[in-house]
Structure formats: C-alpha cells, structure tokens
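Student: The lines below spell out each chain.
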Amino acid sequence: MLVFILASAMVLAGAVGVIVRANPVHAALSLVLTLFGVAVHFVALGAHFLAAVQVIVYAGAIVVLFLFVIMLLGVDKADDLSIEPFPIQRPLAAVVGVGLAGLVIAAIVRARDRIVEGTPLDSSGDSNIRQLADNLFRDWVFAFEFTSVLLIVAVVGTVVLARRTKPGPTSKAGDE
Amino acid sequence: MIAAAEPTTTYYLILSAVLFSMGTVGVLVRRNPLVIFMCIELMLNAVNLSFVALSARFGNIDGQTAVFFVLVVAAAEVVVGLGIIIAILKRRPGATTDDLADLRG
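As you go down the protein sequences, you meet chains A and B in turn.
So for the first sequence, this note's numbering puts the first residue at 1; every next one is plus one.
So for the second sequence, this note's numbering puts the first residue at 1001; every next one is plus one.
Heads up, a few of these hints could be off.
Chain A regions said to be covered by chain B (calculated; three or more residues, Cβ under 8 Å) [unchecked claim]: (1) 4 to 17; (2) 22 to 34; (3) 50 to 63; (4) 84 to 97; (5) 101 to 113; (6) 117 to 125; (7) 149 to 161.
Short, incomplete list of chain A residues facing chain B, as computed with Cβ under 8 Å [claimed, not checked]: (8) M1; (9) H41; (10) A47; (11) F66; (12) V69; (13) I70; (14) L72; (15) L73; (16) Q131; (17) L132; (18) L136; (19) W140; (20) F142; (21) A143.
Calculated directly from the structure, the hints in this document are not laboratory data.
Since the model is a prediction, treat every value here as computed from it, not as a measurement.
Ideal placement from N, C-alpha and C gives every residue a C-beta, glycine not left out.
Please model the complete structure; the sequences and the hints are all you need to start from.
Tutor: Put into structure tokens, the structure is as follows:
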C-alpha cells in the first residue's frame, strides 16, 4: 500500500506538472515523472516486462523525441499562461474534467463487486515474460505482424513529411 | 493502519480515471501543440494502467498484450505527430492551436 501511495503521488504530481508548467521542457520532465510512476505500478501489479518497456520506450524514446523537437524548434521559452483567448475555456474544462472523473469513478464504484476474481497470474521469476510471449506470438501473432507494417508506414510518412522540398521550377505549388 | 491494507483493483481504476481526466483537462486548456501531445500520452498511460490492473485481477494476460500494442501505436503516433508539428512550426514559428484552426495555412 505504501508503494501504491508513493507511486500514485508521483503519477498525479507529474500529471499536474504537465498541465500547469508554462515551459514545455518542464512539462516534458513532469511527463517523465508520471511515466516512472506508472512503471512502478506495473511492477507492483506483476507486469515486469511492461514496466521495463515503459521505461525504455516512453521515458527513454518518446520523451527524448519530445525534447529533441522542443530544442529543434526553439520553442523552449515559456508560454504565457495568463492569455486566455476564450474567457470561459478554463472553467468549462475544469467542469468537464471533474464531471468525467466523477462519472467514471461512480461507474467503477458501482461495478466493483461485479468484477470476477480470476486465478492470479504467476509473476515469479521470468514467467511474466514467458506468458506474455506465449500470448503474443500464439494468439495475437497477426496483430504483431501488422504492427511492423504500422511502424514502417509511420517512418516513411515522417520522412516524407520532414523532407525539405527543393526550391525549383517544378515545386511552385508546394512552396509559399 | 492504511499502510497495511492491500491496494485493490478499484484503487488502480480510480487512479486511472483521475489520470485520464487530467489528461483531458490538459488537452482542453493548453494551447501549445507539443504540450497537447504530452497530455494525450497521459491519457494513454491511464488506459494502460487500467488494462494492467484488470489483467492482474482477472488473471488473464491478454490485457498486458493490449498494453504492448498500445505502446507500439503510441510510438508511431508520436513520430507522425511530431513530424506534422515540425512541418507546421517551421513555416509558422510560435503558432498555437488557435492559430491553426484552419486547414489552409
């Protein structure tokens, strides 16, 4: 329970940081705090492989990608959070957030007795990885193969997007 | 007293609901497209947490496989999204989401 409280505090503090920090770099570092908190929860729940992947892929790759883009574009100066183009936007957003959380929590509390308890997963040693690999490569192997197609499409699409179009007589429509 | 009790699945689901709502609020209030992307990551993580909590509760590894796929899709989504943001912000530095309300630049 102590682990749960500490990790939840990390998650929520990081989430608040992402929302309220004016500087995008600080927001990205708060996101790292949240991701580590979620990884701690994964370890506590016995999902050891996903905890490792969470740290490597999210905290390692995705946040570094965010920081790269922030540095590349030079948008690391703080946003002016006092500007509010729509005066009612923040109260409305708060109402939406509280309402969404309240609805979902009410549903969870109502349904908590109806969750059927299954046999607990074996999380000793490397059995979590064995079970996950067994499930992934036996039951979901087509979905797994399709993720490789998705990644190829994403990489090619990004290269096409980021390609610098040469100024020339043929590309007068693309350049402004 | 409270430190002795084991956290139940309900606690994890409530934490996940709160995290998802905070991500929603972030998407609604922030105007920097990069920070909006980070808030979408918050929402994805909330869903991942509830997947893993229910996977542990049901004793079914399928939930963890779903989280694996969510991670892959999130990585692809961030790559494409950041590519689009770079393409937009190179042309219009300092643009916020309010300046980008029209598809035609």
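Student: Go check the stretch 84 to 97 of chain A versus chain B for me, would you? Three or more residues, Cβ under 8 Å, otherwise it fails.
Tutor: Answer holds; 8 residues pass the 8 Å Cβ test.
Student: Let me know if the C-beta of L132(A) comes in closer than 8 Å to any C-beta of chain B, holds or violated.
Tutor: Nearest chain B Cβ about 6 Å off; hint holds.
Student: Count the residues of the stretch 117 to 125 of chain A with a beta-carbon closer than 8 Å to any beta-carbon of chain B: does the count reach three?
Tutor: holds (count 5)
Student: Hold the hint about A143(A) up to the distance rule: shortest CB distance to chain B must be less than 8 Å.
Tutor: Because about 6 Å separates A143(A) from the closest Cβ in chain B, which is inside the 8 Å limit, the hint holds.
Student: Under 8 Å, Cβ to Cβ, is where M1(A) needs to be relative to chain B, so tell me if that hint holds or is violated.
Tutor: holds (5 Å)
Student: Can you take a look at whether the stretch 149 to 161 of chain A is actually covered by chain B? Rule is 3+ residues, C-beta closer than 8 Å.
Tutor: holds (count 8)
Student: Mind taking a look at whether chain B covers the stretch 50 to 63 of chain A? Criterion is 3 or more residues with CB to CB distance under 8 Å.
Tutor: holds (count 7)
Student: Closer than 8 Å between Cβ atoms is the bar; does L72(A) clear it against chain B? Give me holds or violated.
Tutor: holds (7 Å)
Student: Three or more residues of the stretch 4 to 17 of chain A near chain B by CB distance under 8 Å?
Tutor: holds (count 7)
Student: Quick check: the stretch 22 to 34 of chain A, covered by chain B? Criterion 3+ residues, Cβ under 8 Å.
Tutor: With 5 residues closer than 8 Å to chain B, the stretch 22 to 34 of chain A meets the three-residue bar; holds.
Student: Should the interface hint for I70(A) be scored as holding, given a Cβ-Cβ cut-off of 8 Å against chain B?
Tutor: Cβ of I70(A) sits 6 Å from chain B, so the hint holds.
Student: Can we keep the H41(A) interface hint, with Cβ of chain B closer than 8 Å?
Tutor: Where the cut-off is 8 Å and the nearest Cβ of chain B is about 6 Å from H41(A), the hint holds.
The structure shown violates just one earlier hint, number 20.
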